[in-house]
Every structure is written in structure tokens, then in C-alpha cells.
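*Asks:* Place chain B on chain A using the hints.
Chains as they are written, first to last, in my numbering: chain A, 139 to 576; chain B, 139 to 576.
It should be emphasised that the hints constitute simulated quantities derived from the structure, not laboratory data. Here the structure is a predicted model, which is why all the values come from computation and not from measurement. Incorrect hints may appear among the rest.
Unchecked claim - Reference listing, derived: stretches of chain A covered by chain B, where coverage requires no fewer than 3 residues with Cβ under 8 angstroms from a Cβ of chain B: (1) 163 to 171; (2) 266 to 274; (3) 282 to 288; (4) 437 to 445; (5) 477 to 483.
To be verified - DSBU-like, lysine-lysine: derived pairs with alpha carbons at most 30 angstroms apart: (6) B:Lys486 with A:Lys141; (7) A:Lys486 with B:Lys142; (8) A:Lys142 with B:Lys547; (9) A:Lys287 with B:Lys141; (10) B:Lys498 with B:Lys394; (11) B:Lys498 with A:Lys308; (12) A:Lys486 with B:Lys486; (13) A:Lys142 with B:Lys258; (14) B:Lys308 with A:Lys498; (15) A:Lys258 with B:Lys142; (16) A:Lys141 with B:Lys287; (17) A:Lys141 with B:Lys308; (18) B:Lys561 with A:Lys287; (19) B:Lys308 with A:Lys308; (20) B:Lys182 with B:Lys142; (21) A:Lys258 with B:Lys141; (22) B:Lys561 with B:Lys521.
Stated by the list, open to error - According to the in silico footprint, chain A covers these stretches of chain B (three or more CB under 8 angstroms from chain A): (23) 166 to 174; (24) 285 to 294; (25) 432 to 446; (26) 476 to 488.
For every residue, glycine included, the Cβ atom is placed at its ideal position computed from N, Cα and C.
There are 2 protein chains.
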Amino acid sequence: MSKKVGVGLLGLGTVGSGVASILQNPTDRHPLVSDIEIVKIAVKDLSRTRSTTFPSTILTDDAISVVDNPSVDVVVEVIGGIEPARTLIMRAIKAGKSVVTANKAVIARHGEEIAQAANKSGVYVLIEAAVGGGIPIIEPLKQSLGGNKLNRVTGIINGTTNYILSRMAKGDEVYEKVLNDAQSLGYAEANPAADVEGLDAADKIAILSGLAFGGNIDRSSIPTQGITSLQSRDIDYANQLGYAIKLLAVSERLNKGNEVPNSLPLAVWVQPTLVPRDHPLAGVNGVNNAILIEGEPIGEVMFYGPGAGAGPTASAVVADILNIAGIRLLGDSNQYLDPLLAATSWRKCHLANPNDIVQKNYLRLKTEDSPGVIGHIGNIFGKQNVSIQSIVQFDANSSGAEIVVITHKVSQGQMKHSLDEIKELTAVIGVEAKMCCL
Amino acid sequence: MSKKVGVGLLGLGTVGSGVASILQNPTDRHPLVSDIEIVKIAVKDLSRTRSTTFPSTILTDDAISVVDNPSVDVVVEVIGGIEPARTLIMRAIKAGKSVVTANKAVIARHGEEIAQAANKSGVYVLIEAAVGGGIPIIEPLKQSLGGNKLNRVTGIINGTTNYILSRMAKGDEVYEKVLNDAQSLGYAEANPAADVEGLDAADKIAILSGLAFGGNIDRSSIPTQGITSLQSRDIDYANQLGYAIKLLAVSERLNKGNEVPNSLPLAVWVQPTLVPRDHPLAGVNGVNNAILIEGEPIGEVMFYGPGAGAGPTASAVVADILNIAGIRLLGDSNQYLDPLLAATSWRKCHLANPNDIVQKNYLRLKTEDSPGVIGHIGNIFGKQNVSIQSIVQFDANSSGAEIVVITHKVSQGQMKHSLDEIKELTAVIGVEAKMCCL
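Bound-form chain A, shown alone (with noise of 0.2 angstroms):
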């Protein structure tokens, strides 16, 4: 190649500065990467002393000015957040630059409007570092599983809640202590609302569930459960029956649904789950991520790997600037875009109505320790056609008891006209748990 491919940089956090690492450091590394050149990098703050240091031609506070470099061949967007990220994206594909993005929230509610204008101007936004840090999935799930008709994606795509719950499942710690330690550690953030409240793996489903099944889901109306509530003795009654608690992000085909025309009905969902010790998403501990895809005829894959973290993170941002180099090296004006590379929508999908969801659910019910409550309350189950799986209860004592349910799958329709009827009995005093259960 005669000419190398133009790098702006825009950010350079922990993620910004391992992609420069990595681009200054071809050794050792695909040959392609000692074609691409760091051009320009956008910081906030020029005067910051850094690790690395770059000549002074280099850096730049004027982000725009990254982005109009004519120079400047692919715009890799590493600031996070949404603005200014979300214009300086649609500047760059306005014109004419591919862009790399690891911004799951802009992309998870401003995907559509961006896929649409990259096709119109003819560039790619790739956005592998967006979901699962260094594990390769945006890229599978584009080029690899094509020849698959897909029927769900379950994810544990949150480092930090991963991190929490496999340190709460090693002992007794409560929720509050560990979460103070996975903030010294570095591994959840002083605010860790959008990742303890399922805020960012309701983006990363979105994001997944859209290359999966090929049509944009409204990103706002997943139903989302975080683990700010989870109580420990949920982890605990929950290992004795056999299960890990993770939090999982789901994305699944329905056969039925709120019918809309012409629109494949999914349900998605973000929400603590009971998890079979013997399944392979119960393994996945620490800040690791691992993406569970079934489809048929392939059926079961997994991905697993480093889920967040500068080198991982760097890493996948680093791919996509490869791919997009590669496909460069096939003419720099391509008349069409590679349909498996491009960000395209090709079928409509909807989030069906949450009443429709089929699940199996765990629940902890507070009881009075009398005799004839379990027989009350499976009478009830099987009134609204809830198949249990089993009942147990855990810890009587005479503040009461504490009643386990685990069910058959039922819609969650279903589900709640039971549950409202259970907290109408006197010796119910109330449904204290609820969640999934694979």
C-alpha cells in the first residue's frame, strides 16, 4: 500500500491510550498494523501530563478539527458518553470517514439514525469494543453466524455486576461492602448506577439483539432489573438448590407477541437469574463477559473473555480500524459496502409486550409459619396454570418463614395475576424476590 491509513483519535483515557500503544508497537502484531498512522488525537486538556508522549503536532483540544483532517481516513471516537460523541460521529460520516466506536450508549439509542447515514455516505461504523471489552462478538455475529436463522442471545455483559456477584457468591459479604470494593479497585465507577441498575447492559442487549435478529428494538422499553436489591440469602437458598445468580441480558424470539405487520416480536430483558451450576454462563466470574448465541442449525456457541479493561477494550477497537484498512486495500472508492461489514437493519422487530415473556421465575415469599400456607399458594399457582418447579421453605422462625418457588416457564402475564392473588392471603406477608430462572 502506498499510503498508510490516517488515524484521529478522539479521546485519550485508558482506552484511547492503548489503541495509540498498541498502533505504536506494531511488532510482533498483523503486519497490517504497521499501515496505519496515528494522525491526529483530540484531548480534553492539553497541558495533562501523560504516560506516553506524542509530538505536539499531534495533539489537539479542537475535536472537530480531528475529524475534518483531510488526513484524517478513519475517526476512532473513544470519549464515551453522549454528546459530544454522537455529532462528532455523524460529522465524520458526513464526510466520508469510516468511524470505530466503543460508545455502547450512543450507539444503543442513536444506531438507527447512524447506520442509516454510514450506508447513505458509504462508510462503516464498526463497533466491536462497544460489547464484551476484547471479546470478539460484534464481528461473529455479523460475518460468522449469517447462515443461521437465530433464536436467542444470553449475555453476562457487565464487568462490574459480574465482579459483585461473584464476590458475593464466595461468601456471605453483603451487597453494600462489595460494591465499596470493586470502587477502590477500580472496577465500578463512584456513581455505579448505570452499571448496578442494568442501565449498561440494557444498551448491550440492544446492541446485540439488533445484529442478531436485524432490526432495531426501542431501547428505552427494556424491562431492566438491576441488583441493587439483591440480598444476599437470595445467592445463598439459591446455590443450595443448585444455581448461580448472574446478571443476564436476553434477547429472544418469540412465536407470538402483540402482533405488528411485518415484524419479527422479540423479548428482551435485563434481570438477576438463577442460573444451573452445570451451565456454561454459570462459570463466568470476575469482570469476565461471555455472550451465549443459539441458533439453528449452529446451536450452541459461546464467547468468553475479558469484558472491559484498557488492553481488552483496545484491542477490539484496534480490529475494526484493521478491517476497515484491509477492506481499503481493495480500492479506496468502492461503489458499494460489504453487507456483512455495513450496518444494515433488514427486517423490522418489535419488543413484545412484557405480559408475553416466558420465563421460569425464582421467588422468596415472607410467609406466617403456619401449616397450610404452601398448600394456599400452590392451589393459587395452579388456578392461573403456573407449573412449579419446586417449593421450599428456608429459615421458619417465629417472625415467620421464608417460601422459595422456582416455576416452569409462564408468561409473566400469568405470573403476576398469581402473585397478585398470593399477596391478598393472610399468611403472605409479602413477595420479597423475584427473578429469572435459565
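*Replies:* Chain B only, in chain A's frame:
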């Protein structure tokens, strides 16, 4: 796209039928699937009854005519075996046609010749189905990990042996019995040698090694130990010490080795291996495969899924066809190949001297039940600088004792010297098992 991409299918066995079934039923799959058309299918026996019917104009028993057919753009080879597969692949390449093959035996032995011819002709030879069945592993290695300095590839890449080992681990069934079961279930062939002697795994690690490190190695010189002599007692002892036994295929970068100028020394082997029970590979059971990749800066990523079977393998073959079809949309007469997809060697690699391979070892020694024997063994290892993790005596009785030694990491050269001396001890009846240990 105005014109469909024409596929010539060589072979209509289980994988070929699976591929045809996907291509004939595009609904719910990536829309690019409907742009692919099976033009011709070469079969061995035209008179055989088949579950799927094809127009008689499509089937032929003349494979060469399929390769030569001007409407065939992509040749898909799913015959298996060395010949005539190799000749047909080379013929397709020379005719300027891209090739998709599931043939690990041909690629492991003739990969370099094929790659050179493909690059000369400006065509792709894609091999996703050759390793790991349906698991996307070739494409992620080529396209998603290029920013990394890879250090090690470790795979459970033979489903037959993993099934046998998983069954043996469950109970006290012996090798021969489980092999018989595997044969009657269709998991093992009537002549199981290629699988159980590790040859199939050696083919596959040769391919993965070439992709991970950018250069070919001599397939025929890979130290290969199968599972034919594995005893149930070793599985039992390993279990008591906290390990599962898996047949692992490994390729790793060595920092030393028998130096060849400008060439990367690699330690490559296939060997039954003790895997700590909390290691991600330990939970891979049945006919599943998994490949663990270690690199910098990514850390560890693992790819897991069905390692064989018509459906998964067909999924991988179709992925490759889609990739070629996607790139064809960029223009039919590309002057260059995408260097990430093309079959490129970009570095010289060579197999290190087996004595320089550094491993932890599991040894089972048959000894007389005399009090000094552990001391004598320990002394010899000490003299050879072999550091010991544990020595445990199992099963002492009148006919002698069994001593299991797990070493720390040592070179196989040191190991051999130690074992030569240990065999000379009068109290040592024999070294009855030697395996690797993670």
C-alpha cells in the same frame, strides 16, 4: 446485486446436505443468503436416494465439471480426505475461483501451497469449518485479534476424544467400552485412529498455529500423544487432585528454542492434559470444543461450541460463502485481496526442539512399597532442578505402590534426564503414565 453468487458444491454427505439445506431455506437468515445459488453439486453416486431432491441438472458425478462450470463462482469442497480434494481445490484456484473448504487434512498438509496459489490467483480460500465445527474461530483469529501479540493457543479441538474423556470422567467405564459407545452413537468412526491417536487434533492445531503466529510449521513433526493408553485410574487420581483430563492441542511462542534466524520458535503439541477444575477448559464436556487464545493486550478469550456435526459445520461453511459473497459486492475485479481474509503467511515460524518445550508434568510411577522410594525420587528430581508441586502415594498393596508426581514447569529435556535416572532405581518398577498439566 444483479447476479447471484454461484456455488459449486463438491460432496453431498452430512455437511454438504447441511449447506444445501441452509442455502435452499434463506428465510430468517441474513438476507445475503438469498443472493447465493447452488449451481452444481458433485456426488459420488448419482443413483443413491437422498432426503432432499435436487433438479437432475444440478447433480453430477463429475467433480471436475463442477469446478470448471463458468456459472460457478465459489467452489465449496466438503468431500474430505486428501485426494481428490486437493487437486480440485488447486484447479478451482487456478481458474480464479474462491474456495471454501472444511478439509483440515488438506489444509494442514498443503496449506502453504494452496495459500500461495490463491494469492497468485487473487482468490480467497476460507476454512472456518476446518477447526472447531460451528465455532467461529478462524475468522476471529484472522479479523478480530490482529492487534494483539498472541502468546498461546490452547484447544479442545477433537469432539470424539472429548466425548470419550467426559464419559470416562463420569464413572468408572474404561476406554474400550466408551469408544464402542461413541462408535455406535456416530461420535467415533469405525476406524477411530485419526481421532483417538490425536492426529486430527494435530491437523487442527497446525492450522490455528499458522493463523495465530503468521507462519506455517511442519505438521508431520508435531509431538502427538493420543488417549489410547489412558487409564481410568489416571482420571481418578487427577480428579482426587482437583483436575479434569482433556486432550489439549497447544501452540505457544517460545522465548528460546533451537534458534533459526528470523524465525519464531513455537512449542506445539497434542497431549492428554490435567486441567485444574476451575479453569474455563475444564467444563467443556461431550462433543463440544473450545479454543482459548492468550495474547497481549487482550488477555484470555475463549470460543466454545459444538465441535462437529452436520448443522454446526454447515453454519461455518455458509459463513465463509457469505464472506466471499459480501466482498464480491465491492466489485468483481478487485486488484487486491483483503489481507485479513486472504491466506497470508507474514512471518517464518518453526517447531522448537521438543526438549525445549516447558510444561508441568503428571507422572504415575509403579514402585515397590518400600519406605525410602519417595525420597530417592525426590532426590533425583532435585539434582536435575525439577521442582515438584506434589508427590502422592496411591493404592499401596503387596504388589507395590503407585506414586503420582506433579512437577512445576520444566523443560522436557530435564524431564527426560530425570526419568532416565528414576527408571534405574531398583524400587521403581516403571513409569506408567506421563501427561501434561496446566
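*Asks:* If a hint holds in the structure, say so; if it doesn't, say that too.
*Replies:* Consistency of the hints with the structure:
no. : hint                   : in the structure
1   : 163 to 171             : holds (count 7)
2   : 266 to 274             : holds (count 4)
3   : 282 to 288             : holds (count 6)
4   : 437 to 445             : holds (count 8)
5   : 477 to 483             : holds (count 3)
6   : B:Lys486 with A:Lys141 : holds, 26 angstroms
7   : A:Lys486 with B:Lys142 : holds, 25 angstroms
8   : A:Lys142 with B:Lys547 : violated, 43 angstroms
9   : A:Lys287 with B:Lys141 : holds, 24 angstroms
10  : B:Lys498 with B:Lys394 : holds, 17 angstroms
11  : B:Lys498 with A:Lys308 : holds, 29 angstroms
12  : A:Lys486 with B:Lys486 : violated, 49 angstroms
13  : A:Lys142 with B:Lys258 : holds, 24 angstroms
14  : B:Lys308 with A:Lys498 : holds, 29 angstroms
15  : A:Lys258 with B:Lys142 : holds, 24 angstroms
16  : A:Lys141 with B:Lys287 : holds, 24 angstroms
17  : A:Lys141 with B:Lys308 : violated, 59 angstroms
18  : B:Lys561 with A:Lys287 : violated, 58 angstroms
19  : B:Lys308 with A:Lys308 : holds, 26 angstroms
20  : B:Lys182 with B:Lys142 : holds, 26 angstroms
21  : A:Lys258 with B:Lys141 : holds, 23 angstroms
22  : B:Lys561 with B:Lys521 : holds, 15 angstroms
23  : 166 to 174             : holds (count 6)
24  : 285 to 294             : holds (count 3)
25  : 432 to 446             : holds (count 12)
26  : 476 to 488             : holds (count 5)
Checked against the numbered hints given earlier, this structure breaks hints 8, 12, 17 and 18; the rest are met.
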